[in-house]
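Asker: Sequence:
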Amino acid sequence: MRIPTSYPMALLAALVTLTPIFVLITLASDASSFFDSHNLTILGNTLSLMGLTVLGSILIGVPLAFISAYVQLPFKKFWLVVFAAPLAIPSYIGAFTLYAAFGPGGEINNLLGFETPSMYGLTGAAIVMTLYTFPFVMMTTRSSLLSLDASMVNAARTLGMSMTQSVFKVILPRVINGIAAGSLLVALYTLSDFGTPAMMRLDTFTRVIYVEYNAFALSRAAMLSLQLMVIVGFLLMIESQIKTASERQGRSLILFPKKWQLGAMFATFAPILLLAIGLPLAVFTLWLVRDGFSSFDFSIAWHSTYASAIAAIVTVIVAIPVAHAALSGKVGKVMERVTYFGFGIPGIVMGTALVYGGLQLPFLYQTLGLLIIAYMLRFLPLAVGSVRTSTEHLDPSLVKSARVLGASPREAFTRITLPLTMRGIIAGGALVFLESMRELEATLLLGPTGFETLSTYLWRVYEAGYFGRAAIPGLLLVVISAGALAIMMSGEKRNQFEH
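Position in the sequence shown (from 1) plus 667 gives the number in the working numbering.
Any given hint could be a false lead.
Unchecked claim - Label-pair ranges, simulated between beta-carbon atoms:
1. Thr708 x Lys926: 43 to 53 Å
2. Asn844 x Pro741: 39 to 49 Å
3. Ile980 x Thr825: 39 to 49 Å
4. Gly788 x Arg1082: 31 to 41 Å
5. Val998 x Leu1065: 18 to 28 Å
Hints listed in this document are in silico derivations from the structure and should not be mistaken for laboratory results. Being a predicted model, the structure only gives us computed values, none of them experimental. We treat Cβ as the ideally placed atom computed from N, Cα and C, and that holds for glycine.
Please take these sequences and the hints and turn them into a complete structure.
Answerer: Written out as structure tokens, the structure is:
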């Protein structure tokens, strides 16, 4: 039996992805204890933040999914973009601006003259995380809603059910998997986030791992990392079991609200969207007007750009054989699934593992190369998924025809497969580039000495208390993240067109 040419590279990528886990196990073996009383506090804070964020995201995301899928709104496409827009703002930017705006002496207090409650601790962190993760629930639930046939709802209404009863008894049970899928994405995002709990002064796993790392307690940091990985692994296992129910698509449900109902919807969700989108933009604009451009070194933006560009190129090169291996057989699919571990490993955990790896390999320690490896391991699944999707839609008869006409496998790949899948390759590279620009945790731990990126500069400004200097990097990151959202939204539209 002939082994596909993509297998060796895919196997290497899978083994490299697992390396950080083995490093953490080695490091943690030197820890004095596996679990102590302080761990209970950390675990309680982490699970509480996760639970509150998931609950908040469901309470906001599910109603918005119904509105965007079924309600006939004026400028409907515009509102869909607005509802999804919080995804375009990294949560640590939201945490930074909410922390700066609220409380005694905050920007709201200074401008308007009245005091607002301070934003910190579990309450502040849960509010911030909910504001920037509810679109995950909205998007997965909306996708499930759009696949439903409205005839069952119409039948229920004919038999005397009210619209509210129909929602709870007919629609919700059929989209529960979509809600669960979005909730798991929210839970994973919350577990892996470092910036928000750190800025809100809440001791979760990610914040304490960073504190232990800075105290040179690598073995303790590794032990905490492994405990966090157990929770992440459990969630990933649940996620792999969730299958969204598919129905034969019929006519979509369309609801025509009255003016007072439109007003009630707007009054309910406008404050949420203003907090999530309007407040960060307003605070950054205020700081920009107050402090101007002179305090920002634009070479920092260049650092972010070229490090992310190199990461995107390297990741796409690795992703191509992994994606082709996944389409070549069961073994290839297993290797592809293994590479998804990297996306499940929080950035702070990846950074901790690779710092130790760098110490064992001095030529890598505190180099740009080690940071690129971290980006590649973290975001490889984004590129693999994009490349695989575009390759799946390729007509196999084209490659077979080329082979019949005498082309070698390499010629068939370079002249047929590669050009026809270039859109997916570019989209995957763009997503890796944009996510690398936003990455905070791994960059803090692995960036070369004196190498500042937009995200780490924001963190240093927060630590130093010079909030006004965050305006330009904050706005740049919002614009860059908006590009990532545009790619995701265009991908959704393309999928809807194809199906």
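Asker: Just pull the numbers of the violated hints for me, sorted ascending.
Answerer: Hints 2, 3, 4 not satisfied by this model.
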